[in-house]
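Based on the sequences and whatever the hints tell you, model everything.
Respectively, the protein sequence lines represent chains A and B. 1 is the number of the first residue of the first sequence in this note's numbering; add one for each residue after it. 1 is the number of the first residue of the second sequence in this note's numbering; add one for each residue after it.
None of these hints come from the bench; they were simulated from the model.
Simulated DEER-style distance windows between Cβ atoms:
#1 A/T34 / B/S181: 18 to 26 angstroms
#2 B/A131 / A/G78: 49 to 57 angstroms
#3 B/R221 / A/L86: 43 to 51 angstroms
#4 A/E73 / B/A131: 44 to 52 angstroms
#5 B/E107 / A/R35: 18 to 26 angstroms
#6 B/E313 / A/V44: 26 to 34 angstroms
#7 B/A334 / A/L86: 51 to 59 angstroms
#8 A/E82 / B/D307: 52 to 60 angstroms
#9 A/A93 / B/R285: 46 to 54 angstroms
A few chain B residues that don't get close to chain A, going by computed Cβ distances all over 10 angstroms:
#10 D43
#11 R45
#12 D51
#13 R111
#14 A131
#15 R134
#16 S149
#17 E220
#18 L232
#19 H284
#20 S293
#21 M305
#22 A334
#23 P344
#24 D354
#25 Y368
For glycine and all other residues, C-beta sits at the position ideal for the given N, C-alpha and C.
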Amino acid sequence: MSAQDAVRDAEPYAVPDRHAARDAVRDPWRPALTRSVLLRHDRVRGVDLLVLPERVVVLRGAAGSIVARCDGEREVAGIVAELARLHPDAPVAEEVPVFLERLRAEGWLR
Amino acid sequence: MNTPATLRAATPAPDPPWALLAELTHGCPLRCAYCSNPMELTDRRAELSADQWADVLRQAADLGVVQTHLSGGEPLLRRDLAEIVAAADSAGIHTQLVTSGVGLHRERLARLVDAGLRSVQLSVQHPDPRAAERIAGARAFTAKERAASLVRSAGLPLGLNAVLHRANLDALDDFVELGLSWGADRVELANTQFYGWALRNREALLPDRAQVARARARVERWRERLAGRMELVWVAPDYVDGVAKPCMGGWGAVSLTVAPDGTVLPCPAAAALLGRDAPNVRDHRLDWIWRHSDAFTRYRGEAWMSDTCRGCELRTADFGGCRCQAYALTGDAARTDPACHRSPDHGLVRALVDGAAARTKEGEPPAYAYRTHAP
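The following block contains the structure:
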């Protein structure tokens, strides 16, 4: 029933899964949020959220700015390049594709 | 049970709520024996107006609510439903319609989508139309099938909700097949929780242990086969499992319910427990109700817990279980949920489940006390 069962956190830069990153390079994936998922800024808590019919996912750190670029037009490489320009010192090239794959595995990105 | 003002002031402010269950009406064309609406249904003339709902939703958004489930009864009975959806959407709240599907026509759905409706959850009583009719006390299967197809054509996510009990647990495979053929994104297989009409019909609904075990094994097989193609949610049968549920994610912790007449409750079943102590949006701001009302602070946190819960490591996972269930089964809402195998009252629940096995042997079809229509 409703959000009672699931307010979940999605943290970028967490799970090192190199295989996922390799797949993303081979296939020019243009990630987009699936039909059930909305990206929202939560003005009360000051965080970005993924809002699903029965679930709310809190996006930590830079996650919201990554998901905001998943518009179905940008390729993963393009998203990485943009973020790398904005955050030159962050391990963007390694971690963003992994993060995107995790969201795809959850069914939030297609 | 009133918390003294000094104590209340010392209590840290609660985190904001995430979700609001809006019971727009207790009117419903169905009469399901498992309905969790209270036995005493709200008079349709006492319902909040669309303007009042709009105000409630704006207050809820300011408080932190990001998601609302527009439910009932049957919310489609509200002719002003699109206005309420629009109010939620413009306040920044995600809307899901929770419906029987009866009354969802193409034009109606188009108006709701225009107003900002994001998702639909459709109830299914049984994958077989005639069996469904017997459970719902009404003929609705064809309307549901059409509703599912309309929702999919509109491009909205579709969830099916199946409340499970002894008359449909063995049809679990067919529920999943139905979800696939109707194009659902999600099928919620929710074992009956015993409140309101479901509590009244408990003997007719409660499955035995073997039946639950069969269904659970099927869910596991389906999860492997589906591999994420369609989400399957299993809401556990707390009586049979002997495990208390983390009810509502804790009392007054995650979400709130607004009943058709504006009564605000920590969970949809809490009307029975709170009675006249339940606050109303006609009298108070939602913010005050969430933060300070006796109804919401009474079982928040752990101070209210009995010794059984206070010394138990499960309390951080199940928050002591369900207050409404403790009240319904023992008359004392502060006791450990009797569904928990560690509760001193668990014998009550075990005896009921043993009784279910005996009824299976007798083979009598369940006799339902159908839900009445709202006055």
